[in-house]
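A.B. asks: Protein chains in written order, with this note's numbering: chain A, 499 to 1012; chain B, 4 to 358; chain C, 19 to 344.
Just so you know, the hints here were simulated from the structure itself, not pulled from any lab data.
In this text the structure is predicted, and so the values were computed from the model without any measurement.
All residues carry an ideal CB built from backbone N, CA and C; glycine is no exception.
Check before you lean on any hint, since a few could be wrong.
Said to hold, decoys possible - Which stretches of chain C does chain A cover? Using the computed rule of at least three CB atoms under 8 Å from a CB of chain A, they are: (1) 165-179; (2) 189-197.
To be verified - Distance ranges between label pairs, derived from CB positions: (3) 64(B) x 519(A): 39 to 45 Å; (4) 354(B) x 594(A): 42 to 48 Å; (5) 889(A) x 330(C): 56 to 62 Å; (6) 796(A) x 194(C): 41 to 47 Å; (7) 324(C) x 594(A): 23 to 29 Å; (8) 283(B) x 293(C): 17 to 23 Å; (9) 53(B) x 594(A): 55 to 61 Å; (10) 796(A) x 250(C): 54 to 60 Å; (11) 250(B) x 183(C): 41 to 47 Å.
The lines below spell out each chain.
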Amino acid sequence: MSATSEPIVQMRGIVKRFPGVVANAGVDFDLMPGEVHALLGENGAGKTTLMNVLYGLHTPDAGEIRLRGRRVAFASANDAIAHGLGMVHQHFMLVNPFTVAENIVLGQRSRRGPLLEKRSVVYERLRALSEQYHLAIDPSAEVWTLSVGEQQRVEILKALYRGAEVLILDEPTAVLTPQEVEGLLQTLQQLTREGKSIVFISHKLGEVLAASDRITVLRDGKVVDTVRAHDTDQQALARMMVGRDVVLRVSKPPARPGEVLLSVQGVHALSDRGLPALRGVSFQVRAGEILGIAGVAGNGQSELEEVIAGLRRVTAGRIAICGHETANRRPAEVSRAGLAHIPSDRYRLGLLKDFPVAENLFLQRIGEPPFTRHGWLDQAIIQAAARELAAAYDVRTPSVAAHAGTLSGGNAQKMILARELARNPKVLLAAQPTRGLDVSAIEYVHRRLIEQRDKGVGIVLISTELDEILALSDRIAVMYEGEIVGMVDAEGADVNEIGLMMAGSKRQSREEAR
Amino acid sequence: MSEGDTVARPVAKRLALPSWLVAGGAPVAGALVGLAIGALLIRLTGADPLQAYATMVRGAFGGPRQITDTILKASPLLLVGLGLTAAFRARVWNIGGEGQYYMGALCGGIVALYCANWPRPLLLVTMLGAGVAGGMAWALVAAVLKVRRGMSEIISTLMLNYIAILFMQYMARGPLQEPGGYLPESAQFAASTRLPTLLGTRVHLGVLIAVLLVPLVYALLWSTPLGFRLRAVGSRESVARYAGISVEWAIVFALAFSGGLSGLAGIVEVSTLHTRLKAAISGGYGFSGILVALLGRMHPVGVAIASVFFAALIIGAQSMHVVSGLPDALANAVQALIVLCVLAADALARRRLNA
Amino acid sequence: MNWSLILNWAFVVALVTAGIRLAIPVLLAVLGETVTERAGVLNLGLEGVMAVGGVTGFLVAYLLQSGPLAAWSSWIGLLAGMAAGMLLGLILAVLSISLQADQVICGVTLVVFGQGLANYVYRQAFSSLTARVPGLPALPIPLLSRIPVLGEILFDHDATVYITFALVYLVWLFLFRTHWGLSIRAVGENPAAAETSGLNVSAIRYAATLIGTALAGLGGAVLTTIQLRMFREGITGGRGWIAVALVIFARWQPKLALVGALLFGLADSIQYRIQALSQVERGMGTIPYEFLLMLPYVLTLVVLLYRTGHSEAPAALGRAYDKSAD
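Looking at chain A on its own, in the form it has when it is part of the complex (with noise of 0.2 Å):
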């Protein structure tokens, strides 16, 4: 941190309302020159809300706004930029089929008037910076072939190509293994050191005490404190988020593995582009155990999840579910072997927005008795078990018959958890199933997914919180480029052994591997 006192970022009461919710109810906010700056807190804490009215991507209803100690308002993000402001989003804003160095250079004018500024000009400047920052880039690569820790460093590039001074970065360790996010840190370092300010928005405690000077911890739109790292611990910061003390680990009893329900062998699979996605992936999972699949994002998973589910090919190798093989089957056909299916995302494959909450939780059903009579649907039956189904799942909503778009997250997946469950299936494939929600909905899944293994079912959670892998699997799996690089007993597992496996740089043998 440098000696001035100056903060060169000042927030005061800021308020910022949503239809329906204050994402800010009036923040207090305060970055100082050289120093890294965290903010802490919850999904819907309004962390990111902050930040975006910072960068003007809304505009506040109230408070103001003072660079280096001069007042500004932010009409859009343009203005931002000119002024010195960086952000690095959670979900990157990359151009997909662009070049590295169309990305960096787009919404910049050049300076041969309506041409686009020479390649070779740009690409000396971007090595010039690359260098200067230790992040280096191919600027000729197109972005969808670049890994997501360096298109990371691409939207980093791109905000101190416009001369970023201070740079807000929105959970940017979410998508990276262990090891990168050490990279990570050590960027920033240097990024402080060259004297630029960083604001830090995360949800990951661990994380935060590592890399930041001062953590500010918001809660339902409000600052509840602003605290020196070094005088803080986790415990400390969770009680701060949450508000009364969390417990960090589901307590379960034991595991006891029954037969085994569902048993991939070698499959092969492509990615939508058709690149291999996975490559030779084998495990089973037995009746009364949870197997969580570990691994950053962008490994498989999502192929993963969707071979089981049949919704996408198999090139090679076996499923199947309760002895019947489900490899290349129609999803109606795989959940009639067995399979319940809670989808990582939920609006594109796990409910109809625009239909009632009562039709959706009898989803795949309600052509069928007792849903359908003699070729008619019947709305009477499909009501009252809808309304015993939503009570017995606590989804709250004033009615079945309200459209299913108007749930929260929360009561969305236990809609969606209600209606899996309730077709008593042997597995239960569940996919990012907490993504998205707040502490009280996370708790309720976390304690039904133990529920049905002491039924005996057999689960695969498949998760990018590490956290959730460890808190709930009995067995955990890890996937690296669409291989199980690695399985280990989660009962005394190495939570970095585990990391290296999820950056690849190990893999188990044959032998330790079960």
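Start from chain A and add chains B and C according to the hints.
C.D. replies: Chains B and C alone, transformed into the frame defined by chain A:
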């Protein structure tokens, strides 16, 4: 796209009004704005809009003869509109109503020309059935192209429109031409092919079929698993597919159903009004049917009201043409304008809700 | 059928020359729609835009042809056609960009509106259906047009043909070598990314739609004012729809658009020539002329059969961009 549903209910809650009222509000508002702009256009040509509209209303509803004319005009619109309602609910954009209408007229017309001496009930059923089959088959060409080759049904049904109309022209001028005649038309259909009419009026069986289809299409869409599947595919195809619904069969059904109804409209019109096959047998019902389906919020009751409204516009514009010389092409423009206003009103309402 | 009438040089040259000319209106519309769709806006209303551009251009040229501006009447007509196209495009832009209504539905409705409006305006303005305009004189390029065969085919046209060819290159340059083009393509691929790069997605989409409909309106005006020199109901004959199909065929690239439009022009030209020939030679009517008229539409279907490369479409095509969506 069931915007009516997603918008109407929350808006109704906010304003404490019954949701059907709100769902009907956008079309009414749109109709009024459209008529107002139409009045402007009329004024620009020097005529008096109020007088012009008065003439229109008289022309459409002035007496029993006029009302019958309007009903007769509304029935093909209603048939096409109902078919399209089912298709649009599945987000299958069948723009080929014209072509399917023509093919239905052609197939039914061939039965009319060559089977005229069959027992009447058999003749009529076969003729109408051929009409349905003709329209259905023509739409299925587009269905195959979409399901097997991923070709957008918008473009394929459109190209098939032009091809069908040209084919009818050829048939009327060539193989089916009236023997010994000079005009590019077929022989006149025998009297036995005329559809039975209701109690001495000119309202024929086709109208009855159209009216009966209103509750039937409603039941199909909201009370059967098939209708549920169509609407699910239209709501979010990926979810429907995942839930085990065959999206391909939904597309095929949507096209076949809407094609069949358009084909039925074709044979009904040809056998009752034109009584022979020729190149010009449609008042653009294929396209007007699209507008009727949209104005009617893709709901059978709305479509029924919209088809009467549009029929009144067309008939009224014709009489306006006779009386004050204004071209009846205005009606088409005003119809489309009304739908545009409705789309705008609906989109505005949705933004108010979300913003 | 007397093949010798067809398989001779003069016939082929005349065929190809006419084919190039006939391709121009469609080519203009395809170029315009390429720009619009590259920004992520699906404008299905081209048929209506061309009709409106056609009637406006014709009307303006007709009114001016005997006045003091007579020498410029055709050119002013073309400009008027562009403006009319842009007005219609504005309606689509407001509906689908600002109000975020469904682009498919708006486009189809716009077609009916545009055609109805064009017919209404024509009927109102012209009591007789035989109004004519002078069009533009042929403008053979000196020297180049003397080249045997190629000279006649490529360099002996009126000015609009040359301008359109130039536009093919200009649109390519615009889309791929200027920062405006980069911005447009970014908006069509990932509007959220464009927004955070400081671009105004709405404004860019509006601009792309207006450019697109200006070109389509110009295409309609060229058809009525320069080539056919008349107007009647349905004169656009599905060209607007064919243009939409050709954009897909051309993979949203201006250079391939040229190929597609030329194919269409050739089909149209073949159909005209063979019809004309079968009228000259009795007993040549083995192919009924209706089937010849079907040629462009069948060709469109065939061409699309082998070109369903939707993976090359701009990723955000057809989807409204909601700024406030988190």
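A.B. asks: Could you say whether the range 54 to 60 Å given as a hint is met by the Cβ separation of residue 796(A) and residue 250(C)?
C.D. replies: Distance hint for residue 796(A), residue 250(C) holds at roughly 58 Å.
A.B. asks: Does the Cβ pair residue 889(A), residue 330(C) satisfy 56 to 62 Å?
C.D. replies: About 49 Å separates the Cβ atoms of residue 889(A) and residue 330(C), which means 56 to 62 Å is violated.
A.B. asks: Given that the segment 165-179 of chain C was listed as covered by chain A, double-check it with a C-beta distance under 8 Å for 3 or more residues.
C.D. replies: violated (count 0)
A.B. asks: Can the suggested window of 42 to 48 Å be confirmed for the beta-carbon pair residue 354(B) and residue 594(A)?
C.D. replies: Once the Cβ atoms are compared, 29 Å apart, the range 42 to 48 Å for residue 594(A) and residue 354(B) is violated.
A.B. asks: Can the suggested window of 41 to 47 Å be confirmed for the beta-carbon pair residue 250(B) and residue 183(C)?
C.D. replies: 43 Å Cβ-Cβ, so the 41 to 47 Å window holds.
A.B. asks: Against the range 17 to 23 Å, how does the distance between the Cβ atoms of residue 283(B) and residue 293(C) compare: consistent or not?
C.D. replies: Since the Cβ atoms of residue 283(B) and residue 293(C) sit about 21 Å apart, the hinted range of 17 to 23 Å holds.
A.B. asks: Quick one: are residue 324(C) and residue 594(A) within 23 to 29 Å, going by C-beta?
C.D. replies: For residue 594(A) against residue 324(C), whose Cβ atoms are near 26 Å apart, the range 23 to 29 Å holds.
A.B. asks: Given a hinted range of 39 to 45 Å, is it respected by the beta-carbon distance of residue 64(B) and residue 519(A)?
C.D. replies: violated, 51 Å
A.B. asks: Please verify the coverage claim for the segment 189-197 of chain C: does it have three or more residues whose C-beta sits within 8 Å of some C-beta in chain A?
C.D. replies: Coverage by chain A holds here, the residue count being 3 at a Cβ distance below 8 Å.
A.B. asks: Hint says 41 to 47 Å; check whether the CB-CB distance for residue 796(A) and residue 194(C) agrees.
C.D. replies: violated, 30 Å
A.B. asks: Is it true that residue 53(B) and residue 594(A) lie within 55 to 61 Å of each other by Cβ?
C.D. replies: holds, 58 Å
Checked against the numbered hints above, the structure breaks hints 1, 3, 4, 5, 6 and satisfies the rest.
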